[in-house]
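Asker: Listed below are the residues making up each chain.
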Amino acid sequence: MKNLILTTAALAITAGMAFADGHSVVRMGTEGAYPPYNFINDAGDVDGFERELGDELCLRAELTCEWVTNEWDSIIPNLVSGNYDTIIAGMSITDERDEVIDFTQGYTLPDPSSYLAASADVDLKGGVIAAQTGTIQASFIAASGATLVEFSTPEETVAAVKNGEADAVLADDAYLRPIADEDADLQLLAQQEMIGGGVGMGVRESDGELKAKFDAAITSMKSDGTLNALLAKWEIGGSF
Amino acid sequence: MACYLTTGKHMSIYWSVLTVLLLLAITAPTALAFGFAGASAARSRVAPVSWLGRGYIALVRGVPDIAFFLFFVIALDQIIEYVRHRAICPDWPEPVRQGSDFVVCQAAKMPLGNAPQWVHESYGFAIAVFTFAIVFGAFAANVLHGAMSAVPRGQIETGESYGMTHRQTFWRILVPQMWVYALPGLSNLWMVLIKATPLLFLLGIEDIVYWARELGGIKTSRFTDYPHGDWRMWYFLALLVFYLIFTRISEIALDRLMSRLTRGQATTGGEAQRKVGLT
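Sequence order for the protein chains is W and B. For the first sequence, the positions run 0 to 239 when numbering that gives the first Met the number 0 is used. For the second sequence, the positions run 0 to 278 when numbering that gives the first Met the number 0 is used.
If you are wondering where the hints come from, they were derived from the structure by calculation, not from laboratory data. Just so we're clear, the structure is a prediction, and the values are computed from it rather than from any experiment. Any given hint could turn out to be false.
Unchecked claim - Taking beta-carbon pairs under 8 Å as the criterion, some of the chain B residues facing chain W (in silico):
id	residue
1	5
2	8
3	102
4	202
5	203
6	274
Said to hold, decoys possible - According to the in silico footprint, chain W covers these stretches of chain B (three or more CB under 8 Å from chain W):
id	region
7	26–38
8	68–79
9	107–113
10	205–219
Ideal placement from N, C-alpha and C gives every residue a C-beta, glycine not left out.
Starting from the given sequences, assemble the full structure and let the hints guide the process.
Answerer: Below is the structure:
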């Protein structure tokens, strides 16, 4: 036991010396469950619009980045306690979130939110609507008067509509559209909601330097059209 | 089909099975050690040690697991980083708490921000083992405390009459005999521990339940080579079978252990074994 402790201590010290020089790796926190923004591909890696965007931003800002996945529920607490350095997870910029963390400028225009339902005649005012916990859509439903059922993953919100637990699900249009295209039982309703102020990258409020680097990189991607090409490739609405 | 089951993503679920098994293999003995220490402390004749033991048992048993896992882990992580911060960067000019941010100097990060991902994962795993050990150690301590009290006083008195010290009767008479009383309680704990591993997810470790949910979810053809509908039921069914087989194996092993421990004991079980001539 004593040996074990000694070896561990020695290991910790050598590891500490080997990596002693600071902020050379930026850890990018994402959810990995919200295609096309971010998802885990067949190979088990993070993929999607934000993966390509993030890699390009890191290249332009000359940062070495590493991808980390984290549950949506605890994605903000883990950022502020320093487990990773950014949130790049299809997170819309809202005032409430802005009180706790900082956002870079938006890298998508406000994407409309759509309803996905089993039939076209859903009562959106008095029915049961599903949404993911802690999203702008969940707050929107809570305020609208309809009955809100919350789930911790986007996946479960769609499953709730399929098994009849909810009448419809409200989520970003880009997420729901591919599902509606392939499932004959589900359809998008004509009504859409314009909520949220576009998606941005979340950083700690004390991390102004990192925020500035990413802001500059996003600006450069906006001005040379590469961001628009990415948005079109992943079929996310709107271009700058 | 064979290709589908061997994608990189499926490899992750197979690895997570090993992660869970490894966690159990490390946590169970560690928790038992915590429990033994806790129970011995609670029985101590030195009052402060006894209070410490009893306090540990009462406190951890009383707090809901989920609250403990959410609060304790983040607190533990921040304490470690704070201590390292004070030791490594004493000249740091800024406060550690900035609003809701917890900021320590880069060199005090644990693990360091630029360490490879596997170091982060191992660190998370170690914290998970430690947390599980503390929680289950408290329950084990209570079981062992009861088992120690269940050993007939006459046995210890006999030892004392041979001139054994308190320490000698504890190690030579009490401890070898208590296991038979402790085992039913401990085996319950083991079963609960097996099923508590999905709590790992709260600690940011991707366990089998996470991957079953992720793999079973609806996949559209734009984002995968293997689109499918909602297959979560089948994945969870596989998990069910896995857990059932695992608990069955545990039951068989625990039964064997029980009959081994019963041998020669002054209990009903021991007496029954003696009659059929097992000893």
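Asker: State for each hint whether it applies.
Answerer: Hints, one by one, checked against the model:
1. Proximity of residue 5 (chain B) to chain W is violated relative to the hint, the smallest CB-CB distance being about 10 Å (cut-off 8 Å).
2. A least Cβ separation of about 4 Å between residue 8 (chain B) and chain W falls short of the 8 Å threshold, and the interface hint therefore holds.
3. This hint holds: residue 102 (chain B) has a C-beta 5 Å from the nearest C-beta of chain W, less than the 8 Å allowed.
4. Proximity of residue 202 (chain B) to chain W is violated relative to the hint, the smallest CB-CB distance being about 10 Å (cut-off 8 Å).
5. At a threshold of 8 Å, the smallest CB-CB gap from residue 203 (chain B) to chain W is about 6 Å, leaving the interface hint in force.
6. Given hint, residue 274 (chain B) at the interface with chain W, is violated; its Cβ is 42 Å from that chain's nearest Cβ, farther than 8 Å.
7. For a cut-off of 8 Å, the count of residues in the region 26–38 of chain B with a CB near a CB of chain W stands at 0, and the three-residue condition is violated.
8. Closer than 8 Å: that is the beta-carbon criterion, and the region 68–79 of chain B has 3 residues meeting it against chain W, so the requirement of 3 holds.
9. Proximity of the region 107–113 of chain B to chain W, defined as three or more residues with a beta carbon under 8 Å from a beta carbon of that chain, is established by the 5 residues found.
10. Here's how the region 205–219 of chain B fares: 6 of its residues keep a CB closer than 8 Å to some CB of chain W, so the rule of at least three is met and the hint holds.
Going down the numbered hints, you'll see the structure goes against 1, 4, 6 and 7, while the others check out.
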